[in-house]
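Trainee: Chains as they are written, first to last, in this note's numbering: chain U, 1 to 471; chain S, 1 to 77.
Hints listed in this document are in silico derivations from the structure and should not be mistaken for laboratory results.
This one's a predicted model, so the numbers in the text were calculated from it and none came from an experiment.
Just so you know, even glycine gets a beta-carbon here, dropped at the ideal spot from N, CA and C.
Don't take every hint at face value.
Derived, one-sided and incomplete: chain U residues facing chain S with beta-carbon distance under 10 Å [what the hints assert, rightly or not]:
id	residue
1	Ala63
2	Pro65
3	Pro67
4	Tyr149
5	Ser191
6	Arg194
7	Arg195
8	Phe196
9	Gly199
10	His207
11	Arg212
12	Glu233
Some chain U residues flagged as far from chain S (calculated, every beta-carbon gap over 12 Å) [unchecked claim]:
id	residue
13	Pro71
14	Leu206
15	Ala217
16	Arg247
17	Ala324
18	Arg334
19	Val418
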Amino acid sequence: MPSYEPGSFRDPDSAVFRADGKVLRGLSGRAADDWDRLRSTAFFARLTEAGKVVRTTPYEGEAPPSPRGEPWARVLEHEPVPVISYPYEWPFAMLREAAVLQLEVLLAALDEGMSLKDGTAYNVQFVGSRPVFIDIGSFEPAAGPWPGYRQFCQTMLFPLLVQAHLGVPFQPLLRGAVDGLGASDVAGMFSGLRRFRKGVLRNVLLHAYLERRVTSAAEAVKADLRSSGFSVEVAKATARKLLDLVRGLEVGKRGSDADDEHSIWSDYRTTCSYSDADAKAKHEFVRAALEPQRSRLVLDLGANDGEYSALAAEHADHVVAVDADEKVVDLLYRRLRAAGNEKVLPLVMNLVDPSGGLGWRNRERAPFVERVRPDATLALALVHHLTIAANVPLPEVVAWLADFGGRQVVEFPHHDDVQVKRLLANKPAGLFDDYRRETFERLLAERFRVLRQETLPGGTRTLYLVEAVDA
Amino acid sequence: MSLAYLDPGSGSLIASVLVGGAAAAGVAAKQARARLMRLGRRRKGEELEVQAEDEATTAEAADAGAEPSDAAATRDG
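Based on the sequences and whatever the hints tell you, model everything.
Mentor: Next comes the structure, spelled out in structure tokens:
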């Protein structure tokens with residue numbers, strides 16, 4: 001049965017749906033004309049070959065009618081993206097990379113007389129660390145200024161400016177509004193000398209002013225601008241300026257070697273409590289758990305610097321590495337990108353507060369748990385944080401893990417582990433008396449088959465290889 | 001007019017042109033000039049054909065009318 005992608009309803013001329021495991025896109029007559037023009041351009045072939053635009057081919061099979069009940073003029077097939085992620089789950093460098101790609105695609109299109117009708121961050125997805133432009137329906141013949149500028153500002157440029165110039169992480173802001181940050185709201189965040197930071201005066205303050213003052217209908221303004229000589233060349237100039245601006249944006253000193261910006265978790269590997277023997281035994285356990293059966297998708301919960309994600313990637317097609325610490329995920333992304341890694345997708349997310357369903361009818365952007373269906377899950381050095389630091393009851397933690405199904409490697413730090421003691425020191429005595437290995441094992445046995453278990457040489461942590469009972 | 005019917009995209013379009021900056025304004029000015037030149041040339045041809053003085057007056061008026069677009073383009077720099 002075909003099912004329409006709930007996030008693709010906004011363009012009346014094009015919609016994405018899934019049928020027989022394929023990702024298809026229906027086009028109206030007008031959109032089909034644009035597609036014919038697009039496929040004859042040199043840039044489209046070039047960017048597809050470079051992996052910058054999603055590979056797209058004509059589809060000849062049966063297709064359902066459009067959501068408006070009309071037959072599609074044309075149907076296309078897209079190469080599927082392994083895991084769908086959203087901008088509010090991306091660290092700074094990832095959103096910046098997505099913005100650079102969007103502008104590169106726009107500039108290449110403008111050079112051959114085409115443009116993008118929108119500029120939203122949701123036009124970009126990631127295959128591992130590689131950004132790919134997916135909205136083929138966005139290409140249209142170029143005319144006058146770039147109509148996607150506003151969406152580009154709201155979902156890409158403003159979030160980047162806010163984090164680069166004010167040090168405010170953009171993820172909660174983008175998650176708070178599917179359409180992104182409004183110019184006047186962002187203008188209010190920049191006071192005093194901060195208004196003079198790169199890109200703020202024109203893109204934020206002037207933009208907010210013009211939004212308030214220009215009251216003509218958008219189509220009339222477009223016609224005026226065109227008749228005043230503002231042609232495709234103007235869109236090119238805008239895109240070039242934006243590209244320069246975005247490439248130059250940076251958080252703290254993350255881009256340089258002299259990285260002196262630390263987060264709680266960015267030095268975890270060098271400061272954590274594992275002895276060499278523990279680390280080695282843990283590594284071996286995880287490897288032995290994943291090696292015998294190749295996975296389609298491994299989910300690494302609390303991935304930190306991605307050490308185990310890298311190990312998992314050796315035995316899986318794809319890995320999703322999730323961590324709540326934006327800084328840690330950002331550094332991981334930069335390393336993966338530099339290495340050209342297309343297997344590990346690093347995402348920022350607080351596991352106690354995961355991305356829910358957002359936008360129209362709460363369906364436009366799907367919840368994390370619906371998008372990420374792993375066949376193997378790693379929950380290493382995680383359970384004590386959820387239970388003691390975040391107060392999630394142990395039975396809830398186990399039930400939540402069981403929801404992911406499949407095979408899992410779960411680490412349980414005992415109540416006398418040094419890290420557990422540190423967490424317990426923040427809590428009133430006696431509050432977590434049920435945080436016991438025996439309790440955990442009993443809960444685990446209710447929902448999983450325990451295939452293997454091993455206590456690390458230090459004696460304070462036990463690893464379990466389990467398989468969900470209903471799997 | 002109710003605010004709900006205003007399209008904030010109108011202001012954004014103009015903002016995007018201004019972001020293009022000097023380059024955009026320069027391009028626009030060049031194009032506007034080229035249009036004026038073409039307009040001027042066409043009129044000159046017409047004048048020769050008709051050979052009437054009042055035609056020249058009309059052309060002057062048309063030139064004056066065409067100026068604002070050029071001015072707008074230069075101002076946006």
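Trainee: Does each hint hold? Answer for all of them.
Mentor: Status of the hints after comparison with the structure:
no.: 1; hint: Ala63; result: violated, 32 Å
no.: 2; hint: Pro65; result: violated, 30 Å
no.: 3; hint: Pro67; result: violated, 24 Å
no.: 4; hint: Tyr149; result: holds, 4 Å
no.: 5; hint: Ser191; result: violated, 20 Å
no.: 6; hint: Arg194; result: violated, 19 Å
no.: 7; hint: Arg195; result: violated, 15 Å
no.: 8; hint: Phe196; result: violated, 16 Å
no.: 9; hint: Gly199; result: holds, 9 Å
no.: 10; hint: His207; result: holds, 4 Å
no.: 11; hint: Arg212; result: holds, 7 Å
no.: 12; hint: Glu233; result: holds, 4 Å
no.: 13; hint: Pro71; result: holds, 31 Å
no.: 14; hint: Leu206; result: violated, 6 Å
no.: 15; hint: Ala217; result: violated, 6 Å
no.: 16; hint: Arg247; result: holds, 15 Å
no.: 17; hint: Ala324; result: holds, 34 Å
no.: 18; hint: Arg334; result: holds, 28 Å
no.: 19; hint: Val418; result: holds, 54 Å
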